[in-house]
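Combine the two chains into a complex, taking the hints into account.
Protein sequences appear in the order of chains A and B. With our numbering applied, the first sequence corresponds to residues 97 to 580, in that order. With our numbering applied, the second sequence corresponds to residues 9 to 109, in that order.
Don't read these hints as lab results, they were simulated from the structure. Computed from a predicted structure; not experimentally measured. Built from N, CA and C at the ideal position, the CB exists for glycine as well. Only true hints are included.
Reference listing, derived: stretches of chain A covered by chain B, where coverage requires no fewer than 3 residues with Cβ under 8 angstroms from a Cβ of chain B:
{"no.": "1", "stretch": "111 to 118"}
{"no.": "2", "stretch": "127 to 141"}
{"no.": "3", "stretch": "241 to 253"}
From the derived model, a few chain B residues whose C-beta atoms are all more than 12 angstroms from chain A:
{"no.": "4", "residue": "LYS13"}
{"no.": "5", "residue": "ALA30"}
{"no.": "6", "residue": "LEU32"}
{"no.": "7", "residue": "ALA35"}
{"no.": "8", "residue": "LEU39"}
{"no.": "9", "residue": "ILE42"}
{"no.": "10", "residue": "VAL43"}
{"no.": "11", "residue": "SER44"}
{"no.": "12", "residue": "ILE49"}
{"no.": "13", "residue": "ALA50"}
{"no.": "14", "residue": "LEU52"}
{"no.": "15", "residue": "VAL57"}
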Amino acid sequence: MMQDYEVVVGIEVHVELATESKVFCGCRTAFGAEPNTQTCPVCLGMPGALPVLNRRALEYAIRTALALNCSIADRTKFDRKNYFYPDLPKGYQISQYDLPIGSNGYIYVDVEGEAKRIRIKRVHLEEETAKLMHAGDDIISATHSLLDFNRAGIPLVEIVSEADMRSADEARAYLSKLRSILLAMGVSDCKMEEGSMRCEANISVMPRGSKEFGTLVELKNIASFRAVHRAIQYEAARQIEVVSSGGAVARETRHWDDARGETAFMRGKEEAHDYRYFPDPDLGPIVIEKPWVDRIGDEMPELPDAKGERYMREWDLPKYDASQIADSRDLSEFFEKTCAIVGDGREVAKWILGEVLASLNATGIELSESKLTPELLAELIELVQTGKISGKIAKSVFEEVFNEGKRPGDIVRNRGLLQISDVGELVSIVEKVIDANPGPVADYHAGKTRALGFLVGQVMKETRGRANPQETNRILKEELDRRA
Amino acid sequence: MGVSKEETARIAELARLSLDEAELARAQGDLSEIVSYVNKIADLNTDGVAPTVQPCTVSNAWREDVALPSLSREEALANAPDRQGEFLRVPSIIQGEGDGE
Numbered sequence: 097m098m099q100d101y102e103v104v105v106g107i108e109v110h111v112e113l114a115t116e117s118k119v120f121c122g123c124r125t126a127f128g129a130e131p132n133t134q135t136c137p138v139c140l141g142m143p144g145a146l147p148v149l150n151r152r153a154l155e156y157a158i159r160t161a162l163a164l165n166c167s168i169a170d171r172t173k174f175d176r177k178n179y180f181y182p183d184l185p186k187g188y189q190i191s192q193y194d195l196p197i198g199s200n201g202y203i204y205v206d207v208e209g210e211a212k213r214i215r216i217k218r219v220h221l222e223e224e225t226a227k228l229m230h231a232g233d234d235i236i237s238a239t240h241s242l243l244d245f246n247r248a249g250i251p252l253v254e255i256v257s258e259a260d261m262r263s264a265d266e267a268r269a270y271l272s273k274l275r276s277i278l279l280a281m282g283v284s285d286c287k288m289e290e291g292s293m294r295c296e297a298n299i300s301v302m303p304r305g306s307k308e309f310g311t312l313v314e315l316k317n318i319a320s321f322r323a324v325h326r327a328i329q330y331e332a333a334r335q336i337e338v339v340s341s342g343g344a345v346a347r348e349t350r351h352w353d354d355a356r357g358e359t360a361f362m363r364g365k366e367e368a369h370d371y372r373y374f375p376d377p378d379l380g381p382i383v384i385e386k387p388w389v390d391r392i393g394d395e396m397p398e399l400p401d402a403k404g405e406r407y408m409r410e411w412d413l414p415k416y417d418a419s420q421i422a423d424s425r426d427l428s429e430f431f432e433k434t435c436a437i438v439g440d441g442r443e444v445a446k447w448i449l450g451e452v453l454a455s456l457n458a459t460g461i462e463l464s465e466s467k468l469t470p471e472l473l474a475e476l477i478e479l480v481q482t483g484k485i486s487g488k489i490a491k492s493v494f495e496e497v498f499n500e501g502k503r504p505g506d507i508v509r510n511r512g513l514l515q516i517s518d519v520g521e522l523v524s525i526v527e528k529v530i531d532a533n534p535g536p537v538a539d540y541h542a543g544k545t546r547a548l549g550f551l552v553g554q555v556m557k558e559t560r561g562r563a564n565p566q567e568t569n570r571i572l573k574e575e576l577d578r579r580a
Numbered sequence: 009m010g011v012s013k014e015e016t017a018r019i020a021e022l023a024r025l026s027l028d029e030a031e032l033a034r035a036q037g038d039l040s041e042i043v044s045y046v047n048k049i050a051d052l053n054t055d056g057v058a059p060t061v062q063p064c065t066v067s068n069a070w071r072e073d074v075a076l077p078s079l080s081r082e083e084a085l086a087n088a089p090d091r092q093g094e095f096l097r098v099p100s101i102i103q104g105e106g107d108g109e
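Here chain B stands alone, though its shape is the one from the complex (with noise of 0.2 angstroms):
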């Protein structure tokens, strides 16, 4: 099972990733084989059998509701590329999006 060019464009835009025509080809490769071996598992008859997102089958792993001590503000900070003052800096951003859309 291959992955077009146009879907590896796709993936790559997707992925904030700026590839040029060679690299592009490469990646196309690369996907397309992943993709057939991972879709061996499609073979397998999995008639009645719940859908499976990990291995583990433990249910209900939580914690109460304790707050914790948290990192000071320098180990938060300590490997931001930038930062002003409290905050870390990132470059502007032109579209009013995020905010937990």
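In isolation and in its complexed conformation, chain A is listed as follows (with noise of 0.2 angstroms):
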């Protein structure tokens, strides 16, 4: 029955900009503060206070909008979103509405090892409301709301995509690159957990190949990637199952339950919001000339796709490594850094993809948090290409490093882990190894050339994996050949 149908997906992301002070005032918009402590008679909207506008904020908007490759207006202003809330102080938000920063943008997303084209419809500005909290254990049951006022003002970018996505794996790609292009361009923190990254899907159903759009459904309070994924398929498979029963998906807005993992109605369309949108008259025209647009696409950060393509391009990495590497900040710029000593890119992308990031799911932290710096790295790398250990000691001491943050080359030297290349050395352990092994050297002779690598593990054994392989390869069939 799926099968029949197609998921038609729309998603709209509100971040919080990374600014010193909030879009109209000057308070401060640090996360964690003490509630209650970061407002003014601004972002209070007491009466007669007014409005100025951060001229940063409205920077990394237009950051943000070129870098999802949309148009910028020339000209642009603020609007007055009007509605009751109580995380709404002026009960209007001040946003923008026909004349928004940024339209007609597009990003490529990874869909199936295909580029696939998500458009972007919108990019704007706007200030955020207020933290509400509900004492009780859920919203139905709490008594009262209590309301934090930090957080209303900070500035907040909407970003609108089409309905181009059709499945909750291609939504959950978009964010994720979407994620990616906002952290390289330095604008956003994007922590969805501390919730200055947000997002809503809208989701209808179609039967497959159809030209029309089913009837559309708002999904809101989702909070994390996978809660994007799990809600878009719960919901897309209620619609789906409504409509091949003969039924008809109403025009609605639904709310994720994340615990129940399901969604439920939260408002119809005849309770939808009448925002009586009209120009700010607190607020002047903004005029954003072309060559401030230039410049500031000038000094924009490097994108991660651009990135990933200089990596293939400078290092010869496999696409796939590349991206995966340039999609994050944290891993590109311990890349770059480690790549920096050690001049090695194909060697550092294998350590980070491999032992780095397996080490980073285990323990569970960021890159940032762990003990592990390029240096380290860099040192770890340098000790297995100047054949000081071999890879597999290497890997050995990999976990410590990490761990304690300890140098690799401590280490090595404490636990006696230095390679043996000297050819004096490894003769008389080869020589003692054919000594004792009479049968497999017999085996070698007859022929059975697997014997090599039985006495090979056998000179391992004797020096705890220290003998250079090459070389231990390299004399033990010379002196098994004088032996012939």
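Next up, the structure:
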């Protein structure tokens, strides 16, 4: 049944901009400050207080729009979006209605190995609302709600996609790409768990191959990448169930309940808001001149896609590896710093995508929280490159470097792991192994070359893995041939 | 140009005002008068005039991103009708809306 239908998803994302001060007043934007200590008459909506635009917030919004390949409006303005809700001190939100800063953009998202173009309808700047907490177990049983106005007035960028996604996977891939772009641009920290990146999804279903979209349902309260995926899957299945049993999907807004793993009715079309947008007379028009936009474009940090292509070019990395590193700001910074020391991108990439990611996943921490530094990883790689330790030993040392931040050179010395490359020493070990294993030696001489592997293994056992593998192979063969 | 009774009721609802019949009639009359008065501006020929939102001709009035001191919590909550500890308190909200929608 599912395969007879196509899911259509559009996504609306809100991100808090990483400015020092709020968008229309000088209050700080720091997350986690004591409640109600970052407010002033402007962000509390006191009568007579007047907003003044934060120039950097506008610049970040322009940078965001450019990174998403949008056209930038040459004239824009702010509008009042009127509705009553306790998190909105003025009874309206300063937003942008008909002249968003950016429009008609797109990004490419990886969908099963293919780059799919997802169009961006608009990017606009608005103010954040206050944080509302429900005193009680849940929103239904709460008798009161508590307000923290620290969040009110933090600059917020709204990014609206076209309904170009066709599955929960695509929606998640879009969000993850969007996040990596915003992080690379340095405009937001995009922490879904702290609410600095939030998303809403518009979902409808239609018979496969149809040109006409079904009735759209708006999903709110999606607080993680995982929730996005689950919520869309659940909602799509619900709608398909309704449609295929002859019913009609109602045009409504639904609430994602992450604990129960289902969506619930929140409000219907007839209760939809009438926002009565009108231009905010407290804020003058904004003229965005071309040279300014050009300069913002020129000063823009490298985008993840461009970075990935550069890694492919500079270090000859496979596409998948290159984009995996480039899409993460943490990984790419670490990668570049390590490469600058050790000068072997392929080797560094191998370590980062192998041991480093595995350790991060196992410990559940961020790279920036670990004790591993580019200098330490570079030192470890250099120990292998210069033949001081084998790759295998390097891997066994890694965990200690990662967990305790110890220098690989020190660990190797203290644990006596330096590789044995000295020919004289290796020859004497090889001789000992040959003498002790007449059976395999006879096998080798009889043409069973596999016996060589066994003998190499014995040398490794004898040296606790420290024998230089290439040298061991060479000496062992020579010695065996000499005795043949 | 008049404002209908239905429009008046809708406007009252949006403004969260509950008006009885007499108040509704009075509001309808007042609104109709105000709208007719303001509507005189529609008689002007505005061909070739860009939409003007405010008389002030200044554009790009902005400030740099510099943090300034905020009010203390006590000052900020001084006029709050109800509070609980560090927070301003309001009656519970049934529907989970808001959040910068």
